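Which chain is which? The protein sequence lines are A and B, in order. Residue numbers for the first sequence follow our numbering, so the first one is 288 and each next one is one higher. Residue numbers for the second sequence follow our numbering, so the first one is 5 and each next one is one higher.
Fair warning: there could be bad hints in the mix.
Stated by the list, open to error - Computed cross-link-like contacts, SDA-like style, restricted to lysine to any residue with a CA-CA straight-line distance of at most 25 Å:
| no. | chain 1 | residue 1 | chain 2 | residue 2 |
| --- | --- | --- | --- | --- |
| 1 | A | Lys-385 | B | Ala-395 |
| 2 | A | Lys-405 | B | Ile-231 |
| 3 | A | Lys-400 | B | Lys-69 |
| 4 | B | Lys-374 | A | Leu-383 |
| 5 | A | Lys-316 | B | Ala-234 |
| 6 | B | Lys-69 | B | Asp-362 |
| 7 | A | Lys-341 | B | Gly-148 |
| 8 | A | Lys-315 | B | Lys-391 |
| 9 | A | Lys-385 | B | Glu-141 |
| 10 | A | Lys-315 | B | Val-137 |
| 11 | B | Lys-391 | A | Tyr-326 |
Bear in mind the hints are in silico, worked out from the structure with no lab data behind them. Keep in mind the model is a prediction, meaning the values are calculated, not measured.
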Amino acid sequence: MIKYYTKAWQEECVKRINADAVFEQEPKKLNGTFIFRVYDGPDGKDRIMTWVFKQGKISSHSYEAQAAPWQELRNAAFNTTWAMRGSCPFTMMASLNKGEMTPMRALSSPHYKLEGNKMTLMQLMRPMSMWNDICAKVEVTYEFTSEEDGETNVEASAIENPSTEPEATPPTDNTTESAAS
Amino acid sequence: MGFINRNEPFDRAEFTFFVPTQIKYGIGKVAALGMELQVEDDLASCNNVMIVTDKGVLAAGLVDKVKAGLVDSVYEIKAIFDEVPPDSDLRIVAKCAKEINDLGINLIIAIGGGSVMDTAKLASLIGTHGGEVRDYEGGFMVPGKCIPIVAIPTTVGTGSEVSVGAVVKDHETKTKITIASPHLYPRIAMLDPEMVATLPAKLVAYTGMDALTHAIEAYVSTENQPISEALAFRAAEMIYDNLEIAVKDPSNLDARAKLQIASMLAGMAFSNAPVGATHAISHTIGGLYGLHHGLSNAVALPYVMEFNLESSPSRYAALARAFNVTQTGLSDLELGKLAIERVRNLKVALGIPERYRDLDVPSNQETIDKVTEIALMDICMAFNPRKAEFAEFQPLVQQVI
């Protein structure tokens, strides 16, 4: 089964979003770069996902994970050209995806940080909810110690990425694995 | 650095400000309503009119004033829907919307306070686009233009005459449903101080405190920006200067006129810099126990100001100046505390109870936990300057209750 908030999950979401006829017909089109930082995954990693929309289609996306706390990611400044950036712990994102927590409840929490023009984002609530619904229908597992199917464990990942010091260049929307769809 | 507002770094990368409502002000202005409508190109042919109001407004003769303003005009009043209760709900909206459709209404005149105006907005929405109110819950879910509304406020607090939103009660879940959309702005807000001249003192106090809450919460909102800031600050100052006078001296039309304008300014502000935790708590208490919205806000306001103070001390310090604190040499936190003290004193002067338990809201642990959990799910919490989890928010709710 696909592991939640991994590269495989994003790929499946992108495939479904770009093939969804209802989403395509939504008159308010998503445009711009949407970033999500998700901290402290079950495999001990922080993650960043980037989704770039052009007229309601995902034109590129990227994903990267590194051992938590990935300070470079956590300290990266918000780029004002992005439409939004959401940041929260993995457990909270999982609760949202499972429908155990409402977006409103998340927004009242100090653990969910939303950056960008909230009034514009409110105007995009309908297509964003549709995007969310499509992703929530992907069958996933939330419990995993490694993103890979093999037995690479959390400790091994942490050893591969031992540094917790900020790197010189903060991650951007196209640092890794960008893929035109 | 300014004496009132600190010259802090401008931390908004971008913002939008939008209020499309035309504002017409004047003492006795409703007497010329027909003429005022007919000069508007888009309203000249909207002559199938429904008046939406409540029985109190009708009994006070305020609807008669509006009817008189339409005599000898092209506007025909097809119906007067006067069934809006103080705390309107989905059933009322549905009933009003059905009448709108049955009668082919193409212009709605809402005469009343927040409950009336919000009912009119949502009935206009359902009358135009069909479905149920729940289908449009949240922000910007309304697909297009609705039947135009002329809003004539008869209270001094709601701001709904110029606001983006509408709130009604879901009578089944006993929660409040909030809908925000640019299509819910009234086409015209007609402010006539004579329409608030006979408002009972108690309602002047409740609705005036509602407007003060709008002004303060917009001023400290996470989405505040210089335009909303200017509107909110001036509104707070006008309300503080006039509310007690307007309550204690009903004949003072000047004070009531200023409150009416301040309420409108605060409405414009919070439509672009939304309100916060006071409203989240107030919506919850209102939904569960039916308290008047303004009263409910008034009770919670100083407690929430205390809760938020350290998240934005300079904002509360500036509000102290709006509340006529003239002392110098104080820190922002000290000034902020004085602002809170002024609001508490105003509450006392207006005879507003200190806590919800004084208004028969249960004060047991179960109620506190329930109110906390529901309030944390209110959209307004997204705009409060201080975020909170249950453990942090519950003590605040406990204090207020």
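Status of the hints after comparison with the structure:
Distance restraint check for A:Lys-385 and B:Ala-395: the Cα-Cα separation of roughly 23 Å lies within the 25 Å cut-off, and the hinted pair is therefore satisfied. Between the alpha carbons of A:Lys-405 and B:Ile-231 the distance comes to roughly 16 Å, so the proposed pair stays at or under 25 Å and holds. Simply put, A:Lys-400 and B:Lys-69 have alpha-carbon atoms about 51 Å apart, too far for the 25 Å limit, and the pair is violated. Using a Cα cut-off of 25 Å, the hinted pair B:Lys-374 and A:Leu-383 holds, with the two alpha carbons roughly 21 Å apart.
For a cut-off of 25 Å, the pair hint linking A:Lys-316 to B:Ala-234 is broken: about 33 Å separates their Cα positions. Our distance criterion of 25 Å between C-alpha atoms is broken by B:Lys-69 and B:Asp-362, whose separation comes to about 38 Å. Straight-line distance between C-alpha atoms of A:Lys-341 and B:Gly-148 comes to about 23 Å, which keeps the hinted pair within the 25 Å bound. Between A:Lys-315 and B:Lys-391 the CA atoms are separated by roughly 30 Å; this puts the pair beyond 25 Å, and the hint is violated.
Between A:Lys-385 and B:Glu-141, the direct Cα distance comes to roughly 21 Å. Compliance with the 25 Å bound is thereby established for this hinted pair. Between A:Lys-315 and B:Val-137 the CA atoms are separated by roughly 21 Å; this keeps the pair inside 25 Å, and the hint holds. Restraint check: the Cα-Cα separation between B:Lys-391 and A:Tyr-326 comes to about 19 Å, which is no more than 25 Å; the hinted pair holds.
Checked against the numbered hints given earlier, the structure breaks hints 3, 5, 6, 8 and satisfies all the rest.
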